[in-house]
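A.B. asks: Sequence:
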Amino acid sequence: MERQQNEIQKVELVGIFAASTAHKIRNPLTGMKDLVTLLKEKYTQEQDQFYYFVIGQEIECINEIVSEFMILGKPTAIIKKV
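All the letters of the sequence shown, read from the start, carry residue numbers 1 to 82 under the working numbering.
Honestly, the hints are just simulated from the structure, not real lab data. These figures come from a predicted structure and were not determined experimentally. Possibly wrong hints are sitting among the right ones.
To be verified - Okay, derived cross-link-like pairs now, EDC-like style, lysine to aspartate or glutamate, Cα gap no bigger than 16 Å in a straight line:
(1) LYS33 to GLU64
(2) LYS24 to GLU68
(3) LYS24 to GLU64
(4) LYS33 to GLU60
(5) LYS33 to GLU58
(6) LYS74 to GLU12
Stated by the list, open to error - Between beta-carbon pairs, the in silico distance windows are:
(7) ASN6 to LEU72: 15 to 23 Å
(8) GLN4 to GLU58: 38 to 46 Å
(9) ASP48 to PHE17: 34 to 42 Å
(10) ASN6 to PHE53: 46 to 54 Å
(11) GLY31 to MET70: 14 to 22 Å
(12) ILE8 to MET70: 16 to 24 Å
(13) PHE53 to ILE16: 31 to 39 Å
(14) ILE65 to ILE16: 12 to 20 Å
(15) GLN47 to GLN9: 46 to 54 Å
Idealized CB from N, CA, C, for every residue including glycine.
Hey, can you work out the whole structure from these sequences and the hints?
C.D. replies: This is the structure:
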């Protein structure tokens, strides 16, 4: 029983750490995304637009990874059960 409680606490700690890390990454990522949007509006040459598109795609990939971290931060059914 005590071992199970320790395991649950470890899982909770990992979830808290994952959610905290995700928020710390997502905040500047949102700022970067907004700046890329502004740059796309200001610099309209085709090559510039391509670069902004690529940057936007990479930001979105990072955002998807961060979303997976957020899932770890949610309580699981196992934790709720105990």
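A.B. asks: Determine for every hint whether it applies to the structure shown.
C.D. replies: Structure-based check of all given hints:
{"no.": "1", "hint": "LYS33 to GLU64", "in the structure": "holds (14 Å)"}
{"no.": "2", "hint": "LYS24 to GLU68", "in the structure": "holds (14 Å)"}
{"no.": "3", "hint": "LYS24 to GLU64", "in the structure": "holds (14 Å)"}
{"no.": "4", "hint": "LYS33 to GLU60", "in the structure": "holds (9 Å)"}
{"no.": "5", "hint": "LYS33 to GLU58", "in the structure": "holds (10 Å)"}
{"no.": "6", "hint": "LYS74 to GLU12", "in the structure": "holds (9 Å)"}
{"no.": "7", "hint": "ASN6 to LEU72: 15 to 23 Å", "in the structure": "holds (18 Å)"}
{"no.": "8", "hint": "GLN4 to GLU58: 38 to 46 Å", "in the structure": "holds (41 Å)"}
{"no.": "9", "hint": "ASP48 to PHE17: 34 to 42 Å", "in the structure": "holds (39 Å)"}
{"no.": "10", "hint": "ASN6 to PHE53: 46 to 54 Å", "in the structure": "holds (48 Å)"}
{"no.": "11", "hint": "GLY31 to MET70: 14 to 22 Å", "in the structure": "holds (18 Å)"}
{"no.": "12", "hint": "ILE8 to MET70: 16 to 24 Å", "in the structure": "holds (20 Å)"}
{"no.": "13", "hint": "PHE53 to ILE16: 31 to 39 Å", "in the structure": "holds (36 Å)"}
{"no.": "14", "hint": "ILE65 to ILE16: 12 to 20 Å", "in the structure": "holds (18 Å)"}
{"no.": "15", "hint": "GLN47 to GLN9: 46 to 54 Å", "in the structure": "holds (53 Å)"}
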